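Asker: Chain by chain, the residues:
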Amino acid sequence: MVETVIVPLIMIVMVIVAVLTTVMYMVLLERKVQAWVQVRLGPMRVGHHGLLQPIADVLKLFLKEDITPARADRWVFTLAPILVLVPALIAFAVIPLSRDLTLFGLKFPGQIADVNVGLLYIISVASIGIYGIILGGWSSNSKYPLLASLRSSAQLISYEIAVTMTLVTVIMLAGTLSMVGIVNAQLQKGWWFAFMQPVAFFIYFVGALAETNRAPFDLPEAEQELVAGFHTEYSGMRFAFFFLAEYTNMIVVSCVATTLFLGGWLAPFPNVPWLSFLGYVPGWVWFILKTFGFLYVFLWVRATLPRYRYDQLMRLGWKWLIPLAILNVVMTGLVKVLV
Amino acid sequence: MITTTHYMVLSAALFVLGVIGVLTRRNIIIVFMSIELMLNAVNINLVAFSHQLQNAVGQVFSVFVIVIAAAEAAVGLGIILAFYRNKETVNIDEMNLLRW
Amino acid sequence: MAEAAAFYILAALILGFGVLVITAKSAVHCILFLVADFLCVAALYVSLQAQFLAVIQVLVYAGGIMVLYLFVVMLVNLKRPPEAHSDPRRLGFLGLLMSVAVLVELALIVVTRWARPAAAGSGLSPDNVRQIGRALYTDYLIPFELASFLLLVAMVGAIILAKREL
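Residue numbers (this note's numbering), protein chains in the order written: chain A, 112 to 450; chain B, 9 to 108; chain C, 414 to 579.
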């Protein structure tokens, strides 16, 4: 009873609190990093060097008026932010954060649930998240959000294919769909999958940028285009949900990349004996370091690269990434059979 | 105690709901969605029997049913779009171009 | 006990959403109810130890096919007002009657328990991805190849049908 209900509950609360706090500070980090890249300082006033800025942002969004457009579809308008945020959060249920620990006499597994189809579960909840975007744009009963939501969802489903193909190569290497199994496979092979599958890692990274509507693929929600994209008509807490959902998606994608390609909670070179002192650092510290490294590259790319036009974006996805990903799958299969 | 009969009754009820949807609705897209309901009812039946007989073949068949549903949805919606471009309607009562 | 509760709750949700699907006025609401229905069916599959099929159901059916329906409904609904008054030539009552006939037939089949000894399987393991994969690539290879061919044909057909000018 304790182990099947209480321990997962504690872990769920911990993970949600950690994720939401990280999301709030990601917003601040993004503004700071962009500012430093552009030789300015970013938010400095609220708290020491702007560290309390997220709290100010959250308070502001809580207190804003909640406007619903006149002829918007009420139920769907309310449902859309939920459909964007909930899939992003529940994807954390299968991500292995560390090896199994024992705290206060309770046995904590490294993940909330070890589902035997864990990777497919993450992909399937990501495809549910697309509904929130489409419905958010449609239910606003307004031209620009509708166009932006159609563009954004078309972009998401196009790049989902390329990303899924790269995940297939990882599954082929690991031999299992379970996320815990994939980390263990990296432990057994001794190499992180990013070194065994660099092409897949690169395609995954580009696809992840497109899946989360981040620059340089952020045309559907850039400020200079289409007003504010599919969440134009949203204000207050509902807008906060969309915002939270975007950053949570970024974190989910980074966590999945860390688990699949960067070895999850493993230390670098886990099988080399003379480096085993790195194993004294807890697994979750490595996980957080790797995830933040990945996230930092997201912010770095946003500050550096110009935006892709929409047709260039779609052409890149369909004509370059998908054939490259399929070729990668074929080559991986050949190498596995012949070697 | 939940036996396979329970799942068969659920599947039959869902199938009949799909049949009602096909026979009574006039928006052709909703008719298509009722067909998807029927396919789901069949899938529930297949998976229930797969569970009872402890054989993975039922689930393999379900995968094929999902594949067929995907192909049918793609082509069917393409046809609907082509028709809509010509006649501006999705009401099946007005899709009577071949009548005398 | 938990299994029975799960089954009854899920069955009520599935049938409830099914009724809402066939009676919703707006097509978009209909789609949303159908998506909820599919998610409940996926939960039912998980309770039947068919986890792979459950995620495939969510991924392909709820996340792919229904998104396609949603796109088409949005493209088609842009100018059209909702369904107006009913056409007098329609015989909706007859449709309902025929559905009741189908229901009675199915109930008879279920209740008279027409049963045959079935082929014993090798058992379902938690590793049902491997089992399904093995079955697809060995015993059912030809249907698998035909299904992939069917998908290719459907893809080409859908692209051609939806083009503005050929």
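Simulated from the structure, these hints should not be mistaken for laboratory data.
As the structure is a computational prediction, the values presented were derived from the model and not from experiment.
Incorrect hints may have been included.
[Unchecked claim] Listed next, the in silico DSSO-like pairs over lysine-lysine satisfying Cα-Cα at most 27 angstroms (straight line): (1) A:K143 with A:K171; (2) B:K95 with A:K171; (3) B:K95 with C:K576.
[To be verified] Some chain C residues near chain A, calculated using beta-carbon distances under 10 angstroms: (4) I422; (5) L426; (6) G429; (7) V432; (8) V441; (9) V448; (10) A456; (11) S460; (12) Q464; (13) V468; (14) L483.
For every residue, glycine included, the Cβ atom is placed at its ideal position computed from N, Cα and C.
Asker: Hint by hint, say whether it matches the structure.
Answerer: Against the structure, the hints come out as follows:
Straight-line distance between C-alpha atoms of A:K143 and A:K171 comes to about 19 angstroms, which keeps the hinted pair within the 27 angstroms bound. Between the alpha carbons of B:K95 and A:K171 the distance comes to roughly 50 angstroms, so the proposed pair goes past 27 angstroms and is violated. Taking the CA atoms of B:K95 and C:K576, the gap is near 16 angstroms; set against the 27 angstroms cutoff, the hint holds. The beta carbon of C:I422 comes no nearer than 18 angstroms to any beta carbon in chain A, farther than 10 angstroms, and the hint placing it at the interface is violated.
At about 17 angstroms, the closest approach between the beta carbon of C:L426 and any beta carbon in chain A exceeds 10 angstroms, and the interface hint on this residue is violated. Interface hint at C:G429: violated, since its Cβ lies 16 angstroms from the closest Cβ of chain A, which is beyond the 10 angstroms cut-off. Checking C:V432 against chain A: minimum C-beta separation of about 17 angstroms lies over 10 angstroms; hint violated. Checking C:V441 against chain A by beta carbon gives a least distance of about 7 angstroms; that is within 10 angstroms, so the hint holds.
Here the hint on C:V448 is kept, as its CB sits about 7 angstroms from the closest CB of chain A, short of 10 angstroms. Given the 10 angstroms rule on beta carbons, the hint for C:A456 is violated: about 12 angstroms separates it from the nearest Cβ of chain A. Below 10 angstroms, beta-carbon pairs count as interface contacts, and C:S460 has none with chain A, the closest being about 14 angstroms; its hint is therefore violated. Satisfaction of the interface hint for C:Q464 is found here, the shortest Cβ-Cβ separation to chain A being roughly 5 angstroms, below the 10 angstroms cut-off.
The beta carbon of C:V468 comes within 4 angstroms of a beta carbon in chain A, closer than 10 angstroms, and the hint placing it at the interface holds. Given the 10 angstroms rule on beta carbons, the hint for C:L483 holds: about 6 angstroms separates it from the nearest Cβ of chain A.
The structure shown violates the earlier hints numbered 2, 4, 5, 6, 7, 10, 11.
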